[in-house]
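Student: Spelled out from the first residue to the last, the chains are:
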Amino acid sequence: MPTIDPPLALLAELTHRCPLACPYCSNPVNLERAAGELSENDWRRVLAQAAALGVLQVHFSGGEPMARRDLSTLIGVANGLGLYSNLITSGTLGGAREIEAFAAAGLKHVQLSFQDFYADNGDRIAGLSGAHARKTRFAETVRAAGLPLTLNMVVHRQNLDGVPQMIEMALELGARRIEIAHVQYYAWAFANRAALLPTRRQLERATQAVEAARARLKGVLTIDYVVPDYHGVRPKSCMSGWGRQFLNITPSGTAVPCHAAETLPGLAFPSVRTSSLSDIWYSSDAFNRFRGTDWMAEPCRSCERREIDWGGCRCQAFLLTGDAGRTDPVCTLSPDHAVVEAAVQEAESAPPEFIYRRYGFLPSKAGEVSAKRTDGS
Amino acid sequence: MDRFVVSAESVLAFAPHIVFRFDEVRQRWIILAPERLMLPDEQAVEILQLVDGKTGVSTIVDSLAARYDQAPRDLIAKDVTAMLQDLADKGCLAGADD
Numbered sequence: 001m002p003t004i005d006p007p008l009a010l011l012a013e014l015t016h017r018c019p020l021a022c023p024y025c026s027n028p029v030n031l032e033r034a035a036g037e038l039s040e041n042d043w044r045r046v047l048a049q050a051a052a053l054g055v056l057q058v059h060f061s062g063g064e065p066m067a068r069r070d071l072s073t074l075i076g077v078a079n080g081l082g083l084y085s086n087l088i089t090s091g092t093l094g095g096a097r098e099i100e101a102f103a104a105a106g107l108k109h110v111q112l113s114f115q116d117f118y119a120d121n122g123d124r125i126a127g128l129s130g131a132h133a134r135k136t137r138f139a140e141t142v143r144a145a146g147l148p149l150t151l152n153m154v155v156h157r158q159n160l161d162g163v164p165q166m167i168e169m170a171l172e173l174g175a176r177r178i179e180i181a182h183v184q185y186y187a188w189a190f191a192n193r194a195a196l197l198p199t200r201r202q203l204e205r206a207t208q209a210v211e212a213a214r215a216r217l218k219g220v221l222t223i224d225y226v227v228p229d230y231h232g233v234r235p236k237s238c239m240s241g242w243g244r245q246f247l248n249i250t251p252s253g254t255a256v257p258c259h260a261a262e263t264l265p266g267l268a269f270p271s272v273r274t275s276s277l278s279d280i281w282y283s284s285d286a287f288n289r290f291r292g293t294d295w296m297a298e299p300c301r302s303c304e305r306r307e308i309d310w311g312g313c314r315c316q317a318f319l320l321t322g323d324a325g326r327t328d329p330v331c332t333l334s335p336d337h338a339v340v341e342a343a344v345q346e347a348e349s350a351p352p353e354f355i356y357r358r359y360g361f362l363p364s365k366a367g368e369v370s371a372k373r374t375d376g377s
Numbered sequence: 001m002d003r004f005v006v007s008a009e010s011v012l013a014f015a016p017h018i019v020f021r022f023d024e025v026r027q028r029w030i031i032l033a034p035e036r037l038m039l040p041d042e043q044a045v046e047i048l049q050l051v052d053g054k055t056g057v058s059t060i061v062d063s064l065a066a067r068y069d070q071a072p073r074d075l076i077a078k079d080v081t082a083m084l085q086d087l088a089d090k091g092c093l094a095g096a097d098d
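Going down the list, the sequences are from chains L and D. According to this note's numbering, the first sequence is numbered sequentially starting from 1. According to this note's numbering, the second sequence is numbered sequentially starting from 1.
Calculated directly from the structure, the hints in this document are not laboratory data. Treat the hints with caution; some may be incorrect.
[Unchecked claim] Below, simulated DSBU-like cross-link-like pairs (lysine-lysine); rule was C-alpha separation at most 30 Å, straight line:
no., chain 1, residue 1, chain 2, residue 2
1, L, LYS218, L, LYS236
2, D, LYS54, D, LYS90
3, L, LYS236, D, LYS54
4, D, LYS78, L, LYS236
5, L, LYS236, D, LYS90
6, D, LYS90, D, LYS78
7, D, LYS90, L, LYS218
8, D, LYS54, D, LYS78
[Said to hold, decoys possible] Here are some of the chain D residues that sit facing chain L, going by a computed Cβ distance under 10 Å:
no., residue
9, ARG3
10, PHE4
11, ARG36
12, GLU42
13, VAL45
14, ASP79
15, MET83
16, GLN85
Ideal Cβ positions, reconstructed from N, Cα and C, are used throughout, including at glycine.
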């Protein structure tokens with residue numbers, strides 16, 4: 001058994017309710033309704049257990065976390081426990097009154113999403129007219145309350161060419177940090193992959209723009225840049241390894257090592273309704289299943305990078321090969337790598353229409369089409 | 001906004017949203033920043049404990065030089081300035097009157 005360190009961060013997905021319908025949402029395609037959500041008291045208990053376990057940061061997220069009326073209370077609880085709290089929001093519900101209450105409760109930071117640098121395309125991608133204008137006002141409110149602001153830009157083939165303007169927008173809105181993160185292909189984004197995956201040429205231009213801006217804006221704006229792993233050579237170190245630093249609590253209280261882990265078959269993820277966070281982290285089968293390197297098959301098992309990228313992503317391995325224990329196919333050493341090459345090739349053709357994120361709409365065939373291997377096994 | 005350049009005359013403080021504290025679970029000093037955790041080494045902790053929004057960088061260097069009389073003051077000044085500049089670039093430290 002590998003040594004298990006305490007988790008660093010907890011993602012509190014308070015709700016799946018959200019005014020936006022982004023076609024790359026990281027929430028599962030089967031969205032939780034309000035009636036299934038944890039209560040305020042459940043979250044109070046989870047936060048107390050998290051602090052005792054050694055969690056240092058809590059990210060209040062969703063859906064749109066501001067859809068919860070007890071958000072301000074929960075921020076106060078987290079702050080009182082010494083947890084560093086981040087709000088991850090779309091900025092489309094509420095305004096100055098809420099932000100001021102959050103700041104008074106001890107919120108440390110706001111991460112605000114934009115879907116593009118201009119309203120027409122931003123609103124089209126979000127599936128909500130007027131969203132961009134609301135977000136802009138929200139950003140001003142955050143700064144007026146004295147809270148630090150990060151802009152979160154999820155990028156893909158339908159907005160990637162605007163990276164230089166996104167960086168300018170971050171400066172204009174008084175952000176000290178911008179995350180330019182390529183879509184990761186799970187859940188809704190997987191269903192929309194052909195509409196979202198950029199071409200290689202687009203990606204190269206965007207990467208050059210980021211590098212130039214980083215040099216120019218050192219000490220003024222921090223740019224965190226996440227490249228799309230499909231175009232890479234080695235896989236991402238997903239969540240820095242399964243059950244190593246991070247845990248995620250879904251709106252209904254299931255504890256998972258990452259957003260997408262509930263899609264993996266044969267794993268019983270524990271609930272915070274019935275288990276303590278400590279038992280979940282240290283003793284549950286689900287959190288131990290892919291910890292360390294013992295579970296690995298070749299080519300990971302003997303790879304010198306096995307404790308750098310931890311075999312890549314288990315959910316992606318399952319999504320693309322049907323087996324969560326295989327090497328992440330984005331790795332060029334994976335015997336299944338051809339499925340990723342085919343997807344990148346597909347990006348050269350015209351994109352199909354978006355499938356927007358909605359309740360009760362399950363993108364058909366997303367799993368079926370993908371769940372086959374290329375080696376015939 | 002311009003980049004904050006650390007000099008001998010600078011008076012620095014932690015930015016309001018930055019938390020520099022001892023973590024009982026891990027038994028070490030940590031810096032908490034937006035979606036980021038930093039683990040300063042022993043030397044950095046010693047320097048950061050002197051950052052209080054009142055003391056100038058040159059005075060911080062003086063106290064460290066007094067503590068470590070075998071190290072040349074110039075070298076200490078160079079290391080301290082580089083470390084503080086790095087944290088200012090990351091938005092963790094700011095000028096005390098900003």
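Student: Just pull the numbers of the violated hints for me, sorted ascending.
Tutor: 3, 4, 12, 13, 14 and 15
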